[in-house]
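Both chains come to you apart, so use the hints to assemble them.
Chains as they are written, first to last, in our numbering: chain A, 1 to 318; chain B, 1001 to 1537.
Hints are computed from structural coordinates only; laboratory data are not their basis.
Note that this is a predicted model, so its numbers are computed, not measured.
Don't take every hint at face value.
What the hints assert, rightly or not - What follows is a set of in silico ranges between Cβ atoms, one per label pair, in the way DEER data are often shown:
| no. | chain 1 | residue 1 | chain 2 | residue 2 | range |
| --- | --- | --- | --- | --- | --- |
| 1 | A | P99 | B | E1059 | 20 to 28 angstroms |
| 2 | A | V106 | B | A1222 | 32 to 40 angstroms |
| 3 | A | L110 | B | K1259 | 39 to 47 angstroms |
| 4 | B | R1384 | A | R6 | 47 to 55 angstroms |
| 5 | A | V76 | B | T1464 | 54 to 62 angstroms |
All residues carry an ideal CB built from backbone N, CA and C; glycine is no exception.
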Amino acid sequence: MSYVLRRCLLAIPTLLGISFLAFALANLAPGDPAEQLLRRISDSPPTRQEVIDAREEMGLNRPLVAQYVSWAGRAVQGDLGISYSTRRPVTSELGHRIPYTLQLTVLAALLALAIAVPAGIVCALHRNKLFDQMARLMSLAGASMPSFWLALSLIVFFAVRLSMVPVAGRGGLDSYVLPVVTLAVTPAAVMARFTRSTMLEILDDDYMRTARAKGLTEWRTVLGHGIRNALIPLLTAFSISLGHLLAGAVIVETIFVWPGVGRLALDAISNRDYPMIQGFVLYAGAAFAIINLAVDLAYGAIDPRIRAAGATTQGSRR
Amino acid sequence: MRTFRRMTVVLIMALVAAACGGGDDDDGGSAGQTDTSQPTVNTNAELKVGFVDDQYVLEGVDASLGAYPLNTNVLETLTYLNDKYEVVPRLAERWEFRAPNTWRFYLRKGVKFHDGQPWNAQNAKVAIFDRVAAKRGGGTIKAGPDSVAIVDEFTLDFTPTVGNVRVPEQIVHPNNGAVAPGTDPGKKPVGTGPFKFVEYQAKERIVVERNDDYWGEKAQVARISFRFYPDANARLLALQAGDIDLAYQIPRDDVKGLKDRGFTVANSTVGAYRALYLNQFGEAPFDILKEVDVRKAIATGIDRKALVDNVLVGLATPDQTFVPPGVLGRSASEVKGFQYDLTKAKAMLDTAGWRAGSDGIREKAGRKLKLVLVSGFPSAEALRPTPVFLQSEFKKLGIDLEIQERPDSASFQALMGEKKGDLFIEEGNQNDANVGFLPVLLLYTGAASSGSGVYQGISAPGPTFNALIEPSLTEPDLAKTQLAVGKAINEAVTEQATVLPLAGIFRIYAMKSTVRGFVPHPSFLNVSWLGVSVASR
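So here's chain B without its partners, still in its complex pose (with noise of 0.2 angstroms):
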């Protein structure tokens, strides 16, 4: 909203220039909503929430409407991840690790489909793991068409077609929800949630209404009407306008000014991280970076504080680390990081002999020290102004940085794999709970190495980094998990400096002050819409 009043103003001023004419000032707001009388909750009432594009797949196995990456909850999954990134029961009450490679999952007895089809071992082979095993590659858990056995009425025996001891932090991902045998997730998705599916328009909106069969609490709205709102200030003003009364994804400018009108402004704990991936094997002009010295001196000279603080307006955590703490649980603390120190970087640079020039900007032997900073994933849009705060940070240290901005993240991932760049900006998300995923997904190279190589192909740490992480692929234990990865990570962006983590991002949610019990989640997949509610007054 705030480029979009500066555009105001320039274009008010040029028409007036143009024609000698006037033109209507704006702020872009509207009075405030502060209500102090008391409410009581309105069980009939209707949520209206306006979430960002609509990306639902239709057709075939991959059929996915109601369940990601808007998450309605008409589907659940065996097991949830709730806003601590901690696996807890859903569909399955419990389940245990059966060497050598089997989940036992025991199931939640009273639990119906909203069809009235019963939950039960057979239930949950067709309506989770068949249709995970059709999916290319067998989903994330790695399901086969022979992978279940059925126990009892209530138990069921998974046993994926690859080594996986991640199972129960992996099937929390929406995709892997129950889906009634015998219907279709692509046009009707009949599931065993606390809300039932009631009609969809494409790119406009989908609505669920209370399922008042619902195994556990009973929801505390009659109905929830979802929008799409792609553009980000559209979503903001239907906001304010009330057309809607909560909202994903809010821009950080915008947050004081709707905290200003009575809008209430939720964040979640870290859910997604900004980070540089640095070329350590480009070709010339993108080779400076093959200097572990260099890229060490970076990772000091960035002054993640600042970043924090003034670009992301305080709604981040200056962490060093791209998978969130919360998931690394108390191994986090081994990822040690860097201490901004203008002057010790400085130095570094020095001893590496890259020197001042008379411009300011670094060389060695005839050389600038200029570098390529690539933006573009999820979009450059999301990023800004993040690599224009990086631009003057690497000025400080005497580095010429050139932001490219890529128009769409197919194209700033082909440039990743075409290693044309020194640098890349993105935003990652952790959407299940499986410390491992992401460092063996972009920077493991060994043996089991499965990733698609493009982040491996410019910043892959090496053998020391696999030789760390390699026990997170088959050890159970979420403890010893987590300090493998958190040992791995640590030498991917403290010890060779190839990843440099800049931000934890929070998610930020905005509602109207008559919405209750919203728990702002760090996965948008994952958003639990059960304990909502809205006060009528």
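For reference, chain A alone in the conformation it holds in the complex (with noise of 0.2 angstroms):
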């Protein structure tokens, strides 16, 4: 328990040192946020004098690192402050936003992980047989192609000529179909090549040619013993596509019209919404150390080894 809490206070100078560095990017872009605020609102392009204005009244005048101090000190407070484009507190259209992003982004990972495992291990089984080969062709191509293009493929056939599924948007269940595999496609590539090269590995184990020697059959000696050894690694690759697809996919978003943190995040970019920018760099920076932490612990419910290893390392501190 104490470890638990000592990763997640060790998180917060991280997060606030990632908060800033995007805080200081954020400023050194060419634009003005409150012109850009007064663009977007109003029928005319702002005068001079309204640019100043709106600059005082969003203290944008102070200087940098008062205006970081200022956001940072509200923000351990878990007040955001409010978005510069929708007028709404950060915290109220991130918690509106994230939700769209878990849907597509746990669907997809699971659906990585189901394609991804079973895939590696046959591969791995049968070893530049056609299977290994076409396999290893389809992550290729899953792993180097663009989502964007990808996603306007799918739709092409499955939405356009095949009226299987609609285009973008939010709606039944089938509208979660393209999205979802579209961003499944690449971690579920290179998850496949993962397992593949780890239970290549293992097959030759001293462990594994025990199990078969006792009289076990190829598939119970790679589903009782070999998977589990080929766990941690793969857990650690899954838990960086998992951060990755978590921190919002703004390509697919924007191409399915899906209403998550990737959109909401171009969108604070491109309207130099800097209180948008940091909430979405603090949520970002906090699902990957949430989900470290949380691979950490598995490491240890998974192998006694590293428990028992952390408990002598404790031990010894003690």
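What follows is the structure, given as structure tokens:
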């Protein structure tokens, strides 16, 4: 428990550091948030005086460090400020959008796992056979194709030609198919290759040979002994993919008209909406931190040796 | 879509080369939709419309749900901008100017808000003028808290906080729509329009339904569902898949393909312009265009007809004014512009001392004639491939043109403000009937100037322009105003060549053949859905 608490506390300075970096970079980008705001809400481009007034009102005339410190002070109390462009609290905007991203992310991650792990195992068991060759070709394609191209190709085939699913937009279950598949392809391809190479290393290990010598079938050997030992590197690869998915799939959300955090971040950057950019960076950082923590804890559950090593380290420290 | 197809081929070839695999080819299209059976109007139909991105403001005095930039016709304005850029009556039946600075509006009778409140002078004051007065600067109409005096139940006087002779032309903007007193336009807009608000899902859709109590002709469809598609390819595919009936802003390259598949493609008259703003006040290395002869040579050496025919696929006109000719009226002919003449343009550069070097690029005093073109408003993507076309035109003149694409409009304008570039290309819009709006805002530097100064900082034509346009600031008569503005634009475009309009741009809409009665408006903000119907077969 103290380990979890320590990791959570460590995440706070990390997130603040990331947010400061994002804040500084956003301010370095050319473009005035006040002018962007006025252009968006008004029926005419703003006058000089209107821009000056808006900058004052938005607190943009204060020194950069003062702006950040004031933001960070509120952020640790859970107040991420008001979005320049929507005029709503950033926390409420993020809270509204995160569930939409989660819907896609969870489904895409499960789909990727469901494809990648069995495919990787079969490839390893049938190394250099036709299935292996085909799967490697597909995974190469899956890992290298840009998501916008894949998304549009899927739309053309399944929505326009076959009329099986809608082109875009949230609706019934069928509306999830294309965005989820598009999102799942890259992690599935990467994890399939990862599973294959990990399994290839494991298949020749002593304990696998022992299991076979005991008379277990190849499948029982793999399922009973191989997978468990391959889980840790797989979990690492999975956590990285999941982190990227949770941080929002900008292109997929844009093409499929999905109101998730990816689109929110894109809009925030275009509008120079600093509070929203900051909020998004914090969210993405927190998502990675939580996943890393969960993975670390899972390591111990999967491999008792890690638990024992952790206990020994803590014991020796005490 | 063409880019998408090229990308498809390249990607497939790359994958084959990398892994000796294969891939399915894809022509990105579907079968045609032609149908020759006799249609009948289905008054219970739902029209599905694909718009671009959702940019509604939902909070505060600037809340614009259902009105701006996507106008769902829930709110109505006192005056309306029709597709010919004429100001016509809407919630006001007529209006008149009363010197020195008052506009009297005679309101339409027999109008009700969707919640049953009556439309009268008192409610008009609250629904329009008080709301606009609360906005920064009192909006374009310059409304103040005490600007309205009620004359009788259906007549009011509006006196702007500063002299403003253009109120009827400005008030057409949907941001000036009438919102029922006591309602929240950011959550549920309640207006007087032919459609009533039903629901809104941010970044997804907004739905409206026919107002059966509308004061005028009733809408032809029962419901309109507007869906947001920020990606142009997705919007196009949604139309082809039948998910939507009508789509805004169709990429020019896809027009022919859509027509071949049986879709109707409708274009408006000129509602936007593509122009180059020339930096005549830059410091080295962005100081070459201080020379007016070089600016005029460039203006003479651009083949606008080729641009319109080949790059803009004929869906534009080679206009040399950045205010649509429809807005300038007969005074559009005041803008002379430049006749394309490559030989003459080269000779002009020779005379200016810029001689062709051994590599074909002109030089003067050891300095190459190299210019930087910055692209990015509204986006570099939207302007492609015009900058590349210009690069080839400039090369014929012996000018080395470097293209710098900015990632968004904010960084484009920031660069313009810093004067870091020689030419800035953009596509601007005309969304109201105020003829002097753009030239005053962008180029005027006289005593009454209020613009941000960014465009003036590089392209202000100077005192003659200011003197020519100033009468338009105080002249209520439209024809006289158009004449003043026409002469001023000619000074900027022809005499000083600080702004080089390249083309007048049409708005392009595409729809299924079952959609009837749609009027392609040159301003996206002012599309009317009243007469649009869906035929059933």
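Evaluation of the provided hints:
1. P99(A) with E1059(B): 20 to 28 angstroms: Taking Cβ atoms as reference, P99(A) and E1059(B) lie about 21 angstroms apart, which means the hint holds.
2. V106(A) with A1222(B): 32 to 40 angstroms: Holds, at about 38 angstroms.
3. L110(A) with K1259(B): 39 to 47 angstroms: 43 angstroms, holds
4. R1384(B) with R6(A): 47 to 55 angstroms: The hint (47 to 55 angstroms, Cβ to Cβ) holds, given that R1384(B) and R6(A) are roughly 52 angstroms apart.
5. V76(A) with T1464(B): 54 to 62 angstroms: This hint holds: roughly 59 angstroms between Cβ atoms.
Hint compliance for this structure: every hint is met.
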